[in-house]
Amino acid sequence: MTSSSLFLLLIIIVAAVFVLGRKRSVDVAQSVGGIRYLHSLPNYYGLLAAAWAAIPGVILLALWSAFQDVIIQNSVFSLLPESYQALSGSRLDLVWAEIYNLQKGIITEASDPAFYPAVEALNNLMTTSTTGRTVLVIALTVLGGVWGWRLIKPEQRARNQFEKVVEALLLASSMIAILTTVGIVFSVVFESIRFFHKVPFTEFVFGIKWSPQIAINAEVAGSSGAFGAIPLFVGTLMIAGIALLVAVPVGLMTAVYLVEYASSRVRSIIKPLLEVLAGIPTVVYGFFAALTMAPKLKGFFEGIGVNGVSSESALAAGLVMGIMIIPFVSSLADDVINAVPRSLRDGSYGLGATKSETVKQVIFPAALPGIVSGVLLAASRAIGETMIVVMAAGLAANLTANPLEAVTTVTVQIATLLVGDQEFDSAKTLAAFALGLMLFFVTLMLNVIALAVVKRFREQYD
Amino acid sequence: MTTNTNDELAQIFEGWSSTVGKPTLKDNARMTTRGVDVFYGEKQAIFGVDLDIGKNEVLAMIGPSGCGKSTFLRTLNRMNDTIDICRVKGDIHLDGDNIYDKKMDVVNLRARVGMVFQKPNPFPKSIYDNVAYGPRIHGLVTRKAELDEIVETALQKASIWNEVKDRLDQPATGLSGGQQQRLCIARTIAVSPEVILMDEPCSALDPIATARIEELIAELSENFTIAIVTHSMQQAARVSSRTAYFHLGRLVEVGATDKIFTAPEHRLTEDYITGRFG
Ligand SMILES: Nc1ncnc2c1ncn2[C@@H]1O[C@H](COP(=O)(O)OP(=O)(O)OP(=O)(O)O)[C@@H](O)[C@H]1O
Ligand SMILES: [Mg+2]
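Heads up: the protein sequence lines correspond to chains A and B, in order. Numbering follows my numbering, in which position 37 of the first sequence is assigned residue number 55; successive positions increment by one, without gaps. Numbering follows my numbering, in which position 276 of the second sequence is assigned residue number 330; successive positions increment by one, without gaps.
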């Protein structure tokens, strides 16, 4: 039986258990004098019995599906000749793919006759596994259902027990996000470790030259290129910094205007316009930066006598990126400023403060924790943005503090490293993971710092 | 216990023409209001109120919930300006100046007519900065020592100095509710207003804190003009010299406090103070 039809069958059984459980609770209620002598409403008894049926079966199904491939693969490989078992990971994957395709009938001729017994074994194992899974899962579900059904008594606290089921369900959902994050972090960490076997950690973190050459030929000396990440991080911080210099003041002032000053009519015009700004695809911002902003800036700076302005510059990318995140900052700030209680405003106005005094002295301090986290979110946006930089700031990893030169950023390099056909164990490809890890670490630090700032502030004022 | 539905009340007001008692004062008035109507959008909340508040008197405003006491109080220092949909008509004068005049400096007005709110609303700043807030924005002082003195005097007048003098740099939000309310009073008197408006200043407080604030009001009335909204008739009786009874946006009756509580003239006032509504 296929997974989906098995799943469907499970749902039917569980639904039946619910109906039967509910009915049983009503029946037992008759013997004690009616439904109001039950501890809980009949639905709770049904739900609880259904949970008894569903949970063990679903857990078994999940475990089985998770481990069956590994177990089958291992037992199939044990049938292969010694020479195959010594192969490295990616070669073995190819062998496995061939055996799998043979079993499916996608290919008919094996490259090595030694594969045929393995294919045979795979065939048997798959059939056994599927049958075993179906039988066991259904049996467990039915058993669980019967158990849950038998537990139903008038004094059973179904309502409270079901609360536990709900809690477990909520916990399980929150685990999904956490486990995914942990999984991603682990895979990035492992690939990064492989990278650091090829390129020393210190060279990567402190190196000032970035030119990951394609290893055309392993014999060419220095074919692995230079992997100093500093130029990338400097470029990232410069562009993100310029963007924040634009977006934070403008966004905050926009929010203050909208919340504190604008009449509701003006607000109803500006807010949708800001949303339009937020809805423009980054690619469009990118070519605006590359085709309009960058030449204008070049013309402007050459006009005032600054030479050597590159036609791709950090400044152009940063400015446009700043414009892009203005609506982001303003809508977050809008929310937190709105959340400052009216009574604080009243208190300040009641003492004869003007609007701007109130904003500066009462509303900002009260909204600061929210504003700080909003700015940090904006910073992560700026650091993560790729498209505008590719188009307007270039790919050249210059180590420079001059915003008029072309620079590149971490995310841009990750993208270029992984675009196209790649060998998954070359230093060049693995460098993407190391960059990702560093970036993750930097944003994590940013968040930690922000939390610390906010916490200090809270202690002081709340 | 009879309760009146809104329809019945509307009927009562059909024949209602003007306030019972003496809402206006001859020569002692600090604030005067004439024919004040207040609207929230289309809805009228205050109907033609004439009322004077005398120098150095404590005027209590009582009436059932929703009758417009807060609304009326807030017209006296133009706090209603901060509500988008609120419109005020009629004349309101402070020491002879029309406060709704175009030339009126609202910021200055609110320094002259201070306000204490129903819920204590200290700023998220230190105790000292809360009290210093008004003097600072109005530039009342040039030297730190003067500011220190203003802060200390205000806190003393609000009878909270002894409790906070050792922790002036601590956040005001760490004080108890009663202390916060006294701090808010100190904050208001630190700008030396001429009139203090209080909107149910004790509604969040226990009897002990309430008693202290009532003492405080008695002391303050020597120097300030005070208008206080309260739901407690005992409180009105204890602190005020005149009482105004509001009902559904109308000023029904005004008179000396002891007269209002012993021999009210209007049926609605009598019903209210004998506990038949509200
Ligand atoms: N911001 C507002 N927007 C619209 N209507 C309002 C607003 N504030 C008050 N009102 C209305 O105006 C009327 C008077 O309200 P107000 O707050 O002045 O009553 P109150 O006498 O102070 O009542 P309470 O004793 O409950 O504080 C009420 O009908 C109320 O619904
Ligand atoms: Mg009120």
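Hints are supplied without guarantee of correctness; some may be wrong.
[What the hints assert, rightly or not] Here are the in silico distance ranges between beta carbons for each label pair:
no., chain 1, residue 1, chain 2, residue 2, range
1, B, Gln98, A, Arg283, 34 to 40 angstroms
2, B, Arg141, A, Asp353, 46 to 52 angstroms
3, A, Ile194, B, Ser230, 41 to 47 angstroms
4, A, Gly402, B, Gly231, 20 to 26 angstroms
5, B, Ala258, A, Tyr275, 47 to 53 angstroms
6, B, Arg141, A, Ala280, 15 to 21 angstroms
7, B, Asp91, A, Ile298, 46 to 52 angstroms
8, A, Leu263, B, His285, 50 to 56 angstroms
9, B, His285, A, Asp353, 32 to 38 angstroms
10, B, His285, A, Ala280, 44 to 50 angstroms
11, B, Asp155, A, Ala296, 32 to 38 angstroms
12, B, Glu248, A, Ala296, 28 to 34 angstroms
13, B, Ser230, A, Val37, 43 to 49 angstroms
14, B, Ser230, A, Leu291, 43 to 49 angstroms
[Said to hold, decoys possible] Some chain A residues judged to face chain B by a derived CB distance under 8 angstroms, without partners named:
no., residue
15, Ala280
16, Ser282
17, Val284
18, Ile288
19, Gly321
20, Ser361
21, Asp364
22, Tyr367
23, Gly368
24, Ala371
25, Glu375
26, Pro387
27, Val390
28, Ser391
For the record, the hints were derived by calculation from the structure and aren't laboratory data. Think of the CB as a built atom: it goes at the ideal place given N, C-alpha and C, for glycine as much as any other residue.
Checked hints:
1. Gln98/B with Arg283/A: 34 to 40 angstroms: violated, 23 angstroms
2. Arg141/B with Asp353/A: 46 to 52 angstroms: violated, 29 angstroms
3. Ile194/A with Ser230/B: 41 to 47 angstroms: holds, 44 angstroms
4. Gly402/A with Gly231/B: 20 to 26 angstroms: violated, 45 angstroms
5. Ala258/B with Tyr275/A: 47 to 53 angstroms: violated, 34 angstroms
6. Arg141/B with Ala280/A: 15 to 21 angstroms: Distance hint for Arg141/B, Ala280/A holds at roughly 19 angstroms.
7. Asp91/B with Ile298/A: 46 to 52 angstroms: holds, 49 angstroms
8. Leu263/A with His285/B: 50 to 56 angstroms: holds, 53 angstroms
9. His285/B with Asp353/A: 32 to 38 angstroms: holds, 35 angstroms
10. His285/B with Ala280/A: 44 to 50 angstroms: Roughly 36 angstroms apart at Cβ, these two residues miss the hinted range, so it is violated.
11. Asp155/B with Ala296/A: 32 to 38 angstroms: violated, 44 angstroms
12. Glu248/B with Ala296/A: 28 to 34 angstroms: Check failed, 50 angstroms falls outside 28 to 34 angstroms.
13. Ser230/B with Val37/A: 43 to 49 angstroms: Hint violated: Cβ distance 57 angstroms, outside 43 to 49 angstroms.
14. Ser230/B with Leu291/A: 43 to 49 angstroms: Check passed, 47 angstroms falls within 43 to 49 angstroms.
15. Ala280: The hint is violated - Ala280/A has no Cβ within 8 angstroms of chain B, the shortest such distance being about 10 angstroms.
16. Ser282: holds, 6 angstroms
17. Val284: Nearest chain B Cβ about 12 angstroms off; hint violated.
18. Ile288: violated, 16 angstroms
19. Gly321: Because about 45 angstroms separates Gly321/A from the closest Cβ in chain B, which is outside the 8 angstroms limit, the hint is violated.
20. Ser361: holds, 4 angstroms
21. Asp364: Hint on Asp364/A: holds, closest Cβ of chain B at ~6 angstroms, below 8 angstroms.
22. Tyr367: holds, 6 angstroms
23. Gly368: This interface hint holds because 4 angstroms falls under the 8 angstroms limit.
24. Ala371: Since the shortest Cβ distance to chain B is 5 angstroms, the answer is holds.
25. Glu375: With a closest approach of 5 angstroms, the Glu375/A hint holds.
26. Pro387: Where the cut-off is 8 angstroms and the nearest Cβ of chain B is about 10 angstroms from Pro387/A, the hint is violated.
27. Val390: violated, 14 angstroms
28. Ser391: violated, 17 angstroms
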